[in-house]
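Starting from the given sequences, assemble the full structure and let the hints guide the process.
Heads up: the sequence lines are chains W and S, in that order. Going by our numbering, 6 is the number at position 6 of the first sequence; the sequence numbering is gapless. Going by our numbering, 156 is the number at position 156 of the second sequence; the sequence numbering is gapless.
Bear in mind the hints are in silico, worked out from the structure with no lab data behind them. Incorrect hints may appear among the rest.
[Said to hold, decoys possible] Under 8 Å between C-beta atoms, here's a sample of chain S residues computed to sit facing chain W: (1) 73; (2) 204; (3) 211; (4) 219; (5) 231.
Each residue gets a CB set at the ideal place from its N, CA and C atoms; glycine is no exception.
Residues per chain, in single letters:
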Amino acid sequence: MAKSGLLSSSLAKKYAMAATGLFLCLFLVGHLVGNLQLFISGEAGREAFNVYAHFMVSNPAVKLLSYLTYLSILFHAVDGFVLTKLNRKARPVSYAVEKPSENSSWMSRNMMVLGTIMLVFIVVHMQNFWWQMHFGAMPIQVVDGVELHDLYTVVYAFFNPAESMALLSLALYVAAMFAVGFHLWHGFSSSFQSLGLRHAKYTPIIRFFGRAFAVVVPGLFAAVVVYIYLIQA
Amino acid sequence: MDFTLKIWRQEGPQAVGHMATYQVTDISDEMSFLEMIDVLNDQLVRSGDEPVAFDHDCREGICGMCSMFINGEAHGPNRLTTTCQLHMRSFKNGETITIEPWRAAAFPVIRDLVVDRSSMDRIIQSGGYVSVNTNGNTVDANALPIPKPAADEAFEAAVCIGCGACVATCKNASAMLFVAAKVSQLALLPQGQPERTARVEGMVEQMDLEGFGNCTNTGACEVECPMGISLDHIARMNRDYLTAKVANKG
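Here is the structure:
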């Protein structure tokens, strides 16, 4: 009978897409909870955020989770590129006339484009903050005798209207959050379908939750940054 | 009614094809789409040209042969409708209608609008059946009690006519809806249980070998399927395949 192993099949590639995608949704929640502390202004906010940021780079459990996240992003991206390549190969001659909007959503057809935008964003975003936090020359805040990297000040300075690039950074950040939202709009409930988790009663709930997630999570990420920009204007 | 037709013409599997433009006039709005093509072909034969080759058989919406991508949609603009059941009243007088063959690596063009769908037959041969001992003691299928909901759901999958509209419509030329309908139909019935895991593994493996694309859950197949087969069956296949692979340690 079947000779192929699990990992080589088309369905397995989709299971991997779904599992890594859902894991990355959890990561988004974790990241967002941290970012929301940037709403706290003044010294209280600075201390809360920097203590949190220090915890995120020093706690061994978080470290393990972060490696899992890097791996998931890589795997999700590579798997996505492989699947897209195979899918293009499956239709070597395209139609002269197509009406895809008659039967499917724009998001569902453009996951690769949205994902690529997100991947570029992740690289730039990590250069801007992750790299600074780990390897850059950072301002220091001392809390309880511990020297903390003052990421709070770095973020506020990055999105300070006085900076010439701040408005461009803000616009690109918000645009990237739109890509995240559109990607999740389809991706969240799609992962459940790929894993075979479909149910007459629960699927509409999953779809609603997925779409709410797609609006609220990127919306809050963007709101934090817009707030930082406006409050310093 | 008068129409301008843009039709894909291709002399053979290796030949380079092109879109050709034809005019048809005095078409009745009660004609089926295939009857309209018959009129065109009559016209072409009379003028000494080659008629347009297209697949058709029952012309009553149950055989699945009439594969045509009409104005950017499989089987044309109407839902739950095969090309043979599509009538010219669904088009506007004077409209330009583009007709193309199913486009997929797994469905090579044989001639004009005719494609080779034997890849689907090979998927069925890879497990889309139940083995029945016919040594003279064959058990009557009706002797086996089947819960009504299971029978109904199996029937909803069994109505698949294997037309390939799902493949033609899918942006990835994926055959998931077809394969899932065939897997699901037997997975829901007691007769299908002994070969359940081998079936899903074999059929998915063959689907991949034939060069169909991967499912990205756009849902286009479900919308364009002339029999209205649900994505529920794809989810069931996804579930069954995972279970099969875990159970068989493969």
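Tested hints:
Contact between residue 73 (chain S) and chain W, as hinted, is supported at the beta carbon level, the nearest pair being about 5 Å apart and thus within 8 Å. A hinted interface residue such as residue 204 (chain S) counts as satisfied when its beta carbon comes closer than 8 Å to some beta carbon of chain W; here the least separation is about 6 Å, so the hint holds. The beta carbon of residue 211 (chain S) is positioned within 8 Å of a beta carbon in chain W (closest approach about 6 Å), and the interface hint is therefore held. Of the supplied interface hints, the one on residue 219 (chain S) holds, with its beta-carbon coming within about 6 Å of a beta-carbon of chain W, less than 8 Å.
A cut of 8 Å between beta carbons decides the hint on residue 231 (chain S): the least distance to chain W is about 7 Å, and the hint holds.
In summary, this structure violates none of the numbered hints.
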